[in-house]
Amino acid sequence: MTLRQQSSPHTRSARSTSRVMLWVILATLPGLAVQTVFFGWGNLINVIWCVALAIVAEAAVLKLRQRPLAFCLSDNTAAVTGLLLGLALPPLTPWWVSLVAVFAAIVMAKQLYGGLGSNPFNPAMVGYALVLVSFPVAMTTTWAAPAGLWHSAPGFTETLGLILHGQHSVIDAYTMATPLDVYKHDIGSLIAEEVRQHPTFGEGVAKGWEWVNAAFLAGGIGLIALRIITWHIPASVLAALGIMSLAFGSNEDLHAPLTLHLLAGATMLGAFFIATDPVSAATSPLGKLIYGAGIGVLLYVIRTWGSYPDAVAFAVLLMNFAVPFIDHYTPPRTYGHRKARRGIATKASG
Amino acid sequence: MRKLWDFSGGIHPPEHKHQSTTRPIQPAGLPDILILPLQQHIGSPAETQVAAGDRVLKGDCLAGAIGTMGVPVHAPTSGTIESVSKHPVPHPSGMVDWCITLKPDGEDCWGERLPLINYTRHERTAVLGRIRDAGVVGLGGAGFPTNIKLRPPRRDKVDTLILNGAECEPYITADDMLMREHAADVVSGLNIMAWLLQPERCVIGVEDNKPEAIAALQAAAKDTLIDVVVIPTKYPSGGEKQLIQILTGLEVPHNGIPADIGVMCQNVGTAVAVCRAVVHGEPLISRITSVTGEAVSNPGNYAVRLGTPVRYLLDQAGVDAQRLERLVLGGPMMGYTLQSTDIPIVKTTNCIIAAARGELPEPPPEQPCIRCGACAEACPMALLPQQLFWYSKAQEFEKAEHQNLFDCIECGACSYVCPSSIPLVQYYRFAKGEIRTQRAEHLKADRARVRFEARQARLEREQAEKEARRQERARAAAESQLQKKQAAQSAPSDDRAARAVAVQQALARKSEQVKAKFPAATVDGSETPDLQVLEQQRDQAREKLATMKTMLADARTADADNVDKLERAVTKNIERVKRAEDAVKAAQPPATDTTEQP
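Protein sequence lines correspond, in order, to chains A and B. Residue numbering for the first sequence follows the working numbering, starting at 7 and increasing by one per position. Residue numbering for the second sequence follows the working numbering, starting at 21 and increasing by one per position.
Isolated chain A, as found in the complex (with noise of 0.2 Å):
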């Protein structure tokens, strides 16, 4: 009889890492759904497409590593980065775009790092962040128009042609400028009732995307339903966007309103499923709000003031520098502490 020596805990909760990010796959299906249903087959390619390169992108680095591929794939994170950049990515985005951004988000800001766990920068956001700045005609001219409004509903083969090898001039017959860059455009000439004219916006909020929000809004709840993420990153990126909105730009003839900045671009996919990525966010419960908070005034100011007409991607890559920082001075207070353990260790202090 040979007993089994180990060290304690002998018994451990069901939960794993590949279990959590296929909860997180799945919760993402109703967004894509919708996204499918108001902009076409071109997200649903995309992330086809993005999920299956990640895929391999991973697999080879791994195998460069030399690390057990099977057991190191079947986490599943490779395969949420591919998602989240073929959701984030315009639906007629070409191939090869999406290919430099998985590429970059894979190889070059997880693994080139150190693998599942080291990156500092959320991988996903990393690779859209680097096509956006070199291809921003082709990332921004590839919006599809929402459903409705295109003069021909592109089937499957037909979106599948495009992205392969879509022209502009056959392209720009199922494109139109999203809802938030057309605002931020014509709000300058044009008053509030004026910009609303346009057929991006359609009868409510934004035609399509306001559909798109509450989708990934639903997915996101439910995230947190099943304690895979917790509130706090979310509720402090939509709050501190609301606060910002309500604090500048409570005037609709001079700045987008808050409707808008909730339930168009990127707001609650980048909330409920960018931010809130474990490896790169804050840790703690009071570094998870300042995180999120920091994410959504960034996420504001961006699109207000800056050049883009959304920065789900700036906003998110910039709070992911100062998450060493917030980590170090939001410790919680260890029980019996008088008070938390800010900062970092010192001769002094240890």
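Bear in mind the hints are in silico, worked out from the structure with no lab data behind them.
Straight-line alpha carbon distances no greater than 27 Å define the calculated DSSO-like cross-link-like pairs of lysine-lysine that follow:
id, chain 1, residue 1, chain 2, residue 2
1, A, 345, B, 452
2, B, 261, A, 345
3, B, 261, B, 37
4, A, 69, B, 413
5, A, 345, B, 413
6, B, 177, A, 345
7, B, 23, A, 345
8, A, 345, B, 419
Bear in mind the structure is a predicted one, so any value in this text is a computation, not a measurement.
Got chain A sorted already, so can you dock chain B onto it with the hints?
Only chain B this time, still in chain A's reference frame:
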């Protein structure tokens, strides 16, 4: 309803408690052999008072307490001492330690019992002494000597005495069954402790998953001031610090003890042991231990004599050796795996889990930490386990300490929830061990440095003293030289003195002449021995020469081999005699030369 507080974090692992609560506590029976470790508590090991072959009665003291932290060990039954030797003891490392081996005679015959039935009529120190002499230690797990704990520092008045009946770890039901079946003893033991401490209130904290125990305690405590408080089930509510927080809202200060905030926590099993020690005069020789897990067919709680081998107890519970995969001593959260079944049940053994294959499965391989923070949410001490993990793994111990590594109670909640199945507690144990080793080495190095510096200072001091003495001598010499010189200079100017010197010199010359003429008459003490020695040497040399010459003559007549050798010896001796004679001659005239020098 009493107000309760919550502690941060905590988890809800599957309880697995029902298996071992279906049947009442059963006696485990009398094994062939009892192995009693001399150290079953925190503190100095007991000192053996028996030798192999001694016959002892049940309850006899086998090993006495040493020092303030010592507690004795008693015979759990009557029998014969077989040996006092090293034997594997319950320890995560599987180490061996000194144990007394007792062979039971089957009579189970009690020795003398000394109850203090009306204990309130005695001195408190007498009751505390009784508790100590009965070998009572904390039965909750740590094994801290109870009599020491019941003597808190004078400055700390205990306002709240808490009896810990939370038993939050999965599988373990020893305290649960004890409270169900011996509620009266629990209350009685608590009353004794309350009499010793005079607290303002007494509380028994029990998790709400033990309704039978709660009912039994409430019935037993009906006409007393004892408060039976039902607390929510959440691991680790039975941790001392957590239970105190739940019941009082207070936190035990960092590096402090509960008495610092006027609280004391005792285990329910300890209360029963105190009751038996004081009221019945019975030392701590048995305890309730849960034997559970899927590999035993009769899981349940057993009244076990201390020293009973685990193997025997498992057999009583019907262990299936084929299915047994892992043996855990204690609970699944904080217990440790056993390497053999030969080790004995000791005072702190509350549970044995005989886990079948797949019951406590091996964790999947460790994945990288994704900083999800699930561990921080689970930590009952409000630490940041993921940061501690990074620092421990990177061996950045200073940072780990800064993050309060030593506040970790190793409850295992973080490891339990970690989705990357990182053995976090293992990392913390490693870091703590390394830091302790480093501290010890620092201390050693500091001592060595102090010693070295002291030695260096002493050497320098001695050197300085030597130098001072040397300078003092040099100064004195210079002074005397100066005086001489001054005397020499002043002499010619003084006619009288010059004349006196001249007279003395003339006298000296005269005496020299006398000496030269009559050497035998010399009276100078210092020269006589020298001359005598030389003369003696000369005489000896002459004698030796004579002997040699005779030996040579004999050798020649005998025509021996050593003729050549003897010839050389004779020549040498002739030279020696000549030298000696010269020396004597030379010694005589110069001797007269030197003696009279001023």
